[in-house]
Each structure stands twice: as C-alpha cells, then as structure tokens.
Amino acid sequence: MSVGILGTKLGMTQVFDETGIAIPVTVIQAGPCTVTQVKTEKTDGYSSVQIGFGDCKEKALNRPKLGHLKKSGTSPVRYLREYRTTEKDGAFEVGQSLSTDRFESGQLIDVSGISIGKGFAGNQKRNNFRRGPMSHGSKNHKQPGSIGPGTTPGRVYPGKKMAGQMGNEKVTVRKLSVVRVDSDRNLILVKGGVPGKAGSLLSITPATIVGQQ
Amino acid sequence: MNAEAIIRSIEAEYIKDDLPKIYVGDTVRVGVRIVEGGKERVQPYEGTIIAMRNGGINETITVRRVFQGIGVERVFLLHAPRVASITVIRRGKARRAKLYYLRDRVGKATRLKQRFDRAL
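Line by line, the protein sequences give chains S and V.
Each residue of the first sequence is one higher than the one before, counting from 1 in UniProt numbering.
Each residue of the second sequence is one higher than the one before, counting from 1 in UniProt numbering.
It is worth saying that the hints were derived from the structure and are not from the lab.
Keep in mind that this is a model prediction, so the values were computed, not measured.
No residue lacks a Cβ here, since even glycine has one placed at the ideal position from N, Cα and C.
Some hints here could point you the wrong way.
[As the list claims (entries may be wrong)] A few chain S residues that don't get close to chain V, going by computed Cβ distances all over 12 Å:
#, residue
1, D17
2, G20
3, Y46
4, P206
[Claimed, not checked] For lysine-lysine, the following DSS-like pairs were computed, each having C-alpha atoms within a straight-line distance of at most 30 Å:
#, chain 1, residue 1, chain 2, residue 2
5, S, K170, S, K65
6, S, K71, S, K125
7, S, K191, V, K93
8, S, K160, S, K125
9, V, K39, S, K191
10, S, K71, S, K59
Let the sequences and hints guide you as you build the complete structure.
Here is the structure:
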C-alpha cells in the first residue's frame with residue numbers, strides 16, 4: 001500500500017484528447033496534505049503515515065486534536081487519514097507537504113470514497129431482482145420471493161440477498177487513469193466516475209495491481 | 001474559486017467561440033474531420049437540425065437527411081475537434097423544439113418553410 005493524498009470531488013465534465021475523442025472526467029481537488037505523524041515499527045508496531053487535509057476553524061476541533069496537530073505544526077485540518085507504508089524510515093517527515101505532483105498524467109490510480117446513500121432499499125434496486133407481475137390479480141410486485149428451504153436447515157443462509165441499507169459505504173474504484181494534473185490549482189482530472197457526490201472526501205492512491213508489489 | 005467555476009474554466013479551453021448561431025429547423029453543412037490511413041480530411045454532411053441537446057461543452061445537434069431513400073441521423077458534439085466547421089445554409093421555420101415528426105414523413109412533406117427574419 002503506497003501513500004496517497006486526500007481530496008474533494010468537484011464534479012464531472014468532459015475533455016477532448018488529441019485524436020478528438022471526448023473523455024468523461026471527474027475533477028478532483030486534492031491536497032496539499034500535511035504529514036501529521038509518522039508511525040514506525042519501533043514506536044507503534046507498524047509503519048504508516050498520517051496526513052491531514054481540509055482547512056477548518058480552530059474552534060471546530062477539540063483540544064486533544066489541536067494538541068496532536070500542534071506537534072507537527074499544522075494548521076487545523078478537518079480530516080486525518082493514515083496510509084500503511086512499506087518504505088524505509090525517513091521517506092516521510094512530519095510537516096512534509098504532499099501535493100498533486102505525486103501523480104502524473106497517464107498513471108493508474110485507485111480512488112475511494114463514500115458512495116451516495118440510497119437509504120433502505122428493496123431487492124429490485126439493491127440486488128437487481130426482477131419484479132412480479134403488476135396485474136392479473138397479482139399482489140407480488142416487489143416482494144423478494146422465497147428466501148430458502150423450510151425445516152431443513154431451518155434458517156436462512158448467510159449472505160442471502162435481502163432488502164437493507166444501500167450506498168453510504170466505502171467504495172474503491174480501481175485502476176482509473178489520470179488524464180491531467182494541474183498542480184497550480186491542485187487539480188487532478190481522472191477518467192471515469194468516482195464514488196460520492198460533489199464535495200465528498202476522496203482518497204487517491206497509486207493503483208494496487210495484483211501480482212505487483 | 002468554487003467547484004462550478006473551476007469546471008467551467010477547464011471546459012473553457014475546449015469551447016469554440018466561433019460557432020454560428022443555429023436553431024432547430026435550420027439546414028446546415030457540418031464539416032467532419034476524418035482520419036483515413038494517417039491522412040486527415042474534412043467530409044461535409046448536410047441536413048436539417050431536428051434536435052438540440054444539453055448546453056456548455058456537452059451541446060449536441062441531431063442532423064437528419066434522407067440519403068438514397070434512407071433517413072440518416074447523425075449526432076454531433078458541437079465543441080468536439082472532430083467537427084471542423086458548421087455553416088448554416090437555410091433557416092427553417094419550426095414550431096417545436098424537437099422535429100421528430102419529420103421521421104414519419106417522406107418526400108415533399110419533409111420540407112420546412114423557410115424563414116427570412118434570421119440572418120444566415
């Protein structure tokens with residue numbers, strides 16, 4: 001797992017490439033993030049980097065958090081997130097700033113965020129079930145149907161698709177390609193969609209590809 | 001700068017400002033850039049605009065023509081680099097925003113009355 005940065009989704013638009021093909025892009029305003037803490041094997045039992053993102057007022061934070069930020073000399077930040085590192089000690093320092101120039105156009109990235117909440121959704125919406133007949137005396141419009149056998153086993157199997165909360169969960173979209181990086185304005189243009197609505201917090205990391213370290 | 005303004009500024013690089021004013025019902029000639037065997041040329045396509053959709057960088061027009069007795073409709077992304085040029089040949093009079101009823105007509109019935117109050 002490599003260290004990424006945090007950002008907010010601004011919205012979607014499209015740009016044209018040199019062959020004149022329209023590319024749908026999501027505009028993400030990412031960073032600059034400050035390293036607020038570096039955890040090492042020796043001191044914490046595992047190595048990771050904690051970064052802060054999103055300016056906020058001092059009064060929005062409690063005193064323990066302000067004290068924690070004071071150690072690294074960062075201005076008050078809304079979000080603190082941690083990335084596990086495999087890199088050697090000294091690769092990151094407290095107070096270091098991470099910005100969009102960690103990424104370049106053409107690079108593959110993973111973007112994770114909180115998906116749009118759909119509330120308590122039924123099987124048609126949540127699990128793509130088909131509906132029952134709407135007419136001819138049918139009263140089975142959106143019901144789930146049978147949920148399993150009877151006395152044996154006398155229970156519903158785990159993992160049965162049923163109604164429940166849909167969305168508002170962490171979703172990672174993998175292997176999106178970076179179309180452009182605008183480091184002056186801290187913008188990243190990513191091909192395709194990312195989870196959540198405009199304004200939601202996103203974590204952008206270099207893509208984890210199976211089989212590669 | 002808010003999100004809206006940032007996105008507008010990204011789009012602004014691609015938005016063409018030399019497009020003529022076009023309306024539904026107009027007959028237009030669209031120059032389409034085609035790459036063939038490494039060479040680029042502009043192919044004209046002529047027809048009536050039967051629909052316009054969206055706005056900003058996403059704006060499209062649907063151009064219909066009858067070619068060898070078969071109706072052909074092409075949707076052009078107005079701000080795309082593939083669309084080399086657009087020229088208005090004739091202004092047509094249309095009383096609705098979408099002229100999908102022209103699909104059901106053949107021959108002389110597909111003509112639209114010309115209007116002269118809009119400059120070409």
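Which numbered hints does this structure break?
-> Result: hints 1, 2, 6, 7 break, sorted rising.
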